[in-house]
Amino acid sequence: MDLDFSIIIPYFNLFLQGALVTVKITALAVFMGIVIGLFVGMGKMSRISIIRWICIAYVEVIRGTPLLVQILIFYFGIPQIIGIDIPEYPAAVMALGINSGGYVAEIIRGGILAVEKGQMEAARSLGMSHAMAMRYIILPQAFKKMIPPLGNEFVTLLKNSSLATTIGFGELTRAGQIVAGNTYKPFEPYFVVAAFYLVMTLAFSQLTGYLERRLAESD
Amino acid sequence: MIEVRDLYKNFGHLEVLKGINNKVEKGEVVVVIGPSGSGKSTFLRCLNLLEKPTRGEVYIEGKNLMDPRTNVNQLRQDVGMVFQHFNLFPHKKVIENVTLAPIKVKGEKPREAEEKAMELLSRVGLADKAQNFPSQLSGGQKQRVAIARALAMNPKIMLFDEPTSALDPEMIKEVLDVMKDLAKDGMTMVVVTHEMGFAREVGDRVIFMDEGRIVEEGTPDEIYNNPQNPRTKDFLSKIL
Ligand SMILES: Nc1ncnc2c1ncn2[C@@H]1O[C@H](COP(=O)(O)OP(=O)(O)OP(=O)(O)O)[C@@H](O)[C@H]1O
Ligand SMILES: [Mg+2]
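As given, the protein sequences belong to chains A and B, one line each in that order. For the first sequence, this note's numbering assigns the number 151 to the initial residue and increments by one for each residue that follows. For the second sequence, this note's numbering assigns the number 24 to the initial residue and increments by one for each residue that follows.
Rather than coming from a laboratory, the hints here were simulated on the basis of the structure. We treat Cβ as the ideally placed atom computed from N, Cα and C, and that holds for glycine. There may be inaccurate statements among the hints.
[What the hints assert, rightly or not] Reference excerpt, derived from the structure (chain B facing chain A, CB under 7 Å, subset only):
id, residue
1, 73
2, 96
3, 176
4, 205
[Claimed, not checked] Listed below are the simulated BS3-like cross-link pairs for lysine-lysine, each with C-alpha atoms no more than 27 Å apart in a straight line:
id, chain 1, residue 1, chain 2, residue 2
5, B, 86, B, 129
6, B, 207, B, 152
7, A, 194, B, 86
8, A, 295, B, 116
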């Protein structure tokens with residue numbers, strides 16, 4: 151057993167680029183997830199029952215099926231139906247984003263429900279519409295409560311984005327595969343890949359912790 | 024100003040209001056008393072549609088609240104409400120608590136809204152707290168801000184639901200004083216409170232509610248000194 155990490159050096163840029171791509175698709179997917187989650191999360195509390203049911207179904211389907219299968223359906227399955235190939239990059243982002251939407255919806259719903267009932271009543275008693283009260287009173291308070299779980303969601307998605315290698319998408323894990331193939335040495339490249347993920351998730355947890363403390367100051 | 028006819032409210036199978044009839048005149052201060060669970064809060068909340076009556080009619084300045092064409096948001100601007108637990112917006116500074124609705128709902132210019140808010144905050148004795156967050160205030164101060172916030176919409180009617188019952192005893196007076204000023208200025212008020220001093224000093228009428236009905240009403244003197252109904256007597260003997 152002889153480990154030789156110097157074989158990594160020529161490929162360092164490849165890892166770095168892979169890591170950047172990973173952060174980028176994660177950020178895009180989480181952003182998409184927040185937009186979807188906002189609508190789906192509020193939709194689950196809608197008074198209109200069709201909207202409520204659609205949103206409930208969305209969350210159940212997303213959370214009840216493996217992400218890997220969702221990615222495969224997106225990349226291989228959808229093109230078969232619509233007759234147009236979807237490139238790896240948008241396929242990966244959309245599959246991850248739509249997946250994230252299901253989880254973020256629950257985070258957003260939880261955040262909204264955690265805001266005291268009296269807040270909505272006070273806003274309404276001042277003549278604000280429901281939408282206004284949501285926008286100025288409820289959501290800003292709910293977002294504060296959502297930051298820790300949203301941080302978790304980002305970290306989870308960052309790790310899960312490695313599943314995009316299965317459709318040949320060039321992110322961090324894929325970089326490890328390429329290097330392992332070229333050097334015939336799997337341990338060193340995958341070890342480095344793991345280290346990259348760890349550094350990124352730790353850095354991100356630190357950031358959320360900091361944000362949380364900052365926002366707690368006005369309470 | 025306010026007219027309530029045959030008002031019923033059910034929560035599922037629970038009948039909470041069982042036929043309330045009443046009229047509040049302009050400038051009148053009506054105090055509502057009664058045991059816990061008798062429906063005082065529900066009655067008050069039906070007056071600005073925070074609760075939707077099951078049946079009956081409520082008129083505010085001649086406008087029927089039960090009419091689907093009535094613009095509820097518009098109507099609520101004329102009916103201020105003060106809550107037991109203040110319900111200030113914790114993420115907004117005191118001044119923003121007061122200016123938010125005038126700016127967003129009425130479209131007032133921020134400058135004007137702020138000037139008016141400062142006037143109101145001075146009136147409740149809290150001009151120096153304008154830039155603080157609610158979490159930095161005592162309970163009595165919070166409630167006075169809540170009153171200023173409601174007044175900023177220039178309401179014609181003010182509803183108070185046990186505004187002092189969540190306060191430490193030493194803070195009750197500062198809130199009652201603000202409310203008394205308001206009453207003396209001619210505000211139409213419906214106040215759920217067991218503060219007899221307040222009722223006697225500025226109350227025009229006291230309503231005693233029990234089990235979803237108005238059991239007895241009269242001037243503060245009549246109700247506190249000479250109650251007719253045995254249930255009123257029983258209730259008063261417990262709280263005095
Ligand atoms: N949203 C609700 N859903 C179900 N039941 C309710 C609801 N709000 C009030 N009730 C019930 O209606 C009854 C009357 O409540 P209400 O709050 O009007 O009484 P109250 O006279 O204000 O009492 P308190 O002095 O304790 O504030 C109570 O039995 C209460 O449990
Ligand atoms: Mg009550």
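We went through each hint and held it up to the structure:
1. 73: Interface hint status for residue 73 (chain B): holds (6 Å vs cutoff 7 Å).
2. 96: Holds, about 5 Å.
3. 176: holds (6 Å)
4. 205: violated (17 Å)
5. B:86 x B:129: holds (20 Å)
6. B:207 x B:152: holds (25 Å)
7. A:194 x B:86: The given pair, whose Cα atoms are some 34 Å apart, is violated under the 27 Å limit.
8. A:295 x B:116: holds (19 Å)
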